[in-house]
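Enquirer: Now for the letters of each chain:
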Amino acid sequence: MSAPTDRRYSDSHEWFKVDGDLVTVGISQYAADELTDITYVDLPVVGATIDAGAEIGEIESVKATSELITAVGGEIIEVNAALADTPEKVNEDAFESGWMLKIKTTDLAPLEKLKDATAYDAHCATN
Amino acid sequence: MRRSPLYDYHLAAGAKMIDFGGWSMPLVYRGITEEHHHTRQKVSVFDVSHMGRYRLDGDDAEALLQKVCTREVGDTSVNQSKYTHICNERGGIIDDVIVGRHADHWTMVCNASNRETIGRWLTEHGAGHGVEISDETFDTAMLAIQGPGAVTHVETTFSVKLQPLKRFWFLDGEIMGMKYTIYRSGYTGEDGVEAVIPGGAVGLVLPMLMDPDAGDDALCKLAGLGARDTLRLEAAMPLYGHELSEDFDSLTAGQAWCVALDKEFIGAEPMRKVLAEGLRRKLVGFELDGRRIGRQGHPILKEGRPVGEITSGTMSPTLQKSIAMGYLDIDLTEPGAEVSIDLGRKLNAAKVVPLPFYKRPNA
Numbered sequence: 015m016s017a018p019t020d021r022r023y024s025d026s027h028e029w030f031k032v033d034g035d036l037v038t039v040g041i042s043q044y045a046a047d048e049l050t051d052i053t054y055v056d057l058p059v060v061g062a063t064i065d066a067g068a069e070i071g072e073i074e075s076v077k078a079t080s081e082l083i084t085a086v087g088g089e090i091i092e093v094n095a096a097l098a099d100t101p102e103k104v105n106e107d108a109f110e111s112g113w114m115l116k117i118k119t120t121d122l123a124p125l126e127k128l129k130d131a132t133a134y135d136a137h138c139a140t141n
Numbered sequence: 011m012r013r014s015p016l017y018d019y020h021l022a023a024g025a026k027m028i029d030f031g032g033w034s035m036p037l038v039y040r041g042i043t044e045e046h047h048h049t050r051q052k053v054s055v056f057d058v059s060h061m062g063r064y065r066l067d068g069d070d071a072e073a074l075l076q077k078v079c080t081r082e083v084g085d086t087s088v089n090q091s092k093y094t095h096i097c098n099e100r101g102g103i104i105d106d107v108i109v110g111r112h113a114d115h116w117t118m119v120c121n122a123s124n125r126e127t128i129g130r131w132l133t134e135h136g137a138g139h140g141v142e143i144s145d146e147t148f149d150t151a152m153l154a155i156q157g158p159g160a161v162t163h164v165e166t167t168f169s170v171k172l173q174p175l176k177r178f179w180f181l182d183g184e185i186m187g188m189k190y191t192i193y194r195s196g197y198t199g200e201d202g203v204e205a206v207i208p209g210g211a212v213g214l215v216l217p218m219l220m221d222p223d224a225g226d227d228a229l230c231k232l233a234g235l236g237a238r239d240t241l242r243l244e245a246a247m248p249l250y251g252h253e254l255s256e257d258f259d260s261l262t263a264g265q266a267w268c269v270a271l272d273k274e275f276i277g278a279e280p281m282r283k284v285l286a287e288g289l290r291r292k293l294v295g296f297e298l299d300g301r302r303i304g305r306q307g308h309p310i311l312k313e314g315r316p317v318g319e320i321t322s323g324t325m326s327p328t329l330q331k332s333i334a335m336g337y338l339d340i341d342l343t344e345p346g347a348e349v350s351i352d353l354g355r356k357l358n359a360a361k362v363v364p365l366p367f368y369k370r371p372n373a
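Chain order of the listed sequences is A and B.
This note's numbering numbers the first residue of the first sequence as 15 and each following residue consecutively.
This note's numbering numbers the first residue of the second sequence as 11 and each following residue consecutively.
Do not rely on the hints blindly, as some may be mistaken.
Claimed, not checked - Covered stretches of chain A, going by a simulated chain B footprint (3 or more residues, C-beta under 8 Å): (1) 44-55; (2) 75-84.
To be verified - Here are the simulated BS3-like pairs of lysine-lysine, each with C-alpha atoms no more than 25 Å apart in a straight line: (3) 116/A x 356/B; (4) 331/B x 103/A; (5) 103/A x 26/B.
I should point out that these hints are in silico values taken from the structure, not numbers from a laboratory.
Where is the CB? At the ideal position from N, CA and C, for every residue including glycine.
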């Protein structure tokens, strides 16, 4: 499955979709498939302030635990509450209903260093 | 990377492959949880051709097995197999294996990652005696057919009678000139069989078990090593490299039932000492509060003090609880004892629970 072209991707498989000063964060379908069945997503509390590059959550699957790292800093505006009861949404639709959190940021610059969809797909293909 | 004779079949079935003990094997086809539930409810087929398969011929084969196996194997009947450990001189577990007595030879099934070690160990201790050791791993394939409907499904598909077989007994037979062995055993906590068949025949045998036209409603489906791991963990069956290793003896690993201290075998003396002095640690089960999972290597703490280590853990698909196994200081191993698991960034409360986590109905 090709990655959507409307967002940026980190080498550690998070995606970042910008809407004004709001950035929605999730993990790629490739990462969700690699983790296999996701059983729990540990997310920060709404209102918390986080730094760019920080480890802000953990994703638990039957097979492994993976860290969630944010490329942008700012304030957590919203987390995907549905994941508390249905973490499998991340496996089913990592790019849409499996989104994880929204960050209000004043600095979008870190996203420029991330990959676009084409470069990210190539990154996954060589893994 | 070694490949099972079914490698192409797995890829065509949409398997995600992983490296397991030097073999490229299917981790998952549709979803680990779905494959897990299907095995508990119906029938699943697992390709376990990566397991090591040895044949022992000669008059001294039994004596060699008595020497290397922790369990009494001399009283094994023809067509009976037994689970046993093989230990080093210190009592550390080299592998856990299944030995079977056939009419004129013995077989041993071992873990993929230990196949070469076991081959060397048998050769070394059989040297100078009348025993011939052959590695049949690459000439054969092995399927595990598991689930409440497994035995009936195999009986109907291949016109064999398996119901009279007791657990761990097996049947040697021949179909269209191909020799096979069907064991009533498995690693899922369900009833089922494990079949060893010629590598050249498995590509014909496996499709006979499947019904592709039935789609989602099929009785028998493929399952990968991911589900095999969650199934065996619920059934509290130890896994080499996790619960079992050279760091632990069979008694500490909670497997005293497969240790015969009234016979001589390699590792018996240190285990008698362990028994005399009392266990310092023991393998136990844990239930974690919440939905986080304890993983191999996570420290177990009691009031901040290290008291053990997790060996395996998962979110149990059947029980919907976070379960784990691990070694724990002996004074804390009573069910109900409260501990903390250090998950890295957080401590998680857990309590000791009796094993197994899951037992099949009527078992």
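Enquirer: Quick one: which hint numbers does this structure break? Sort them smallest to largest.
Expert: No numbers; nothing is violated.
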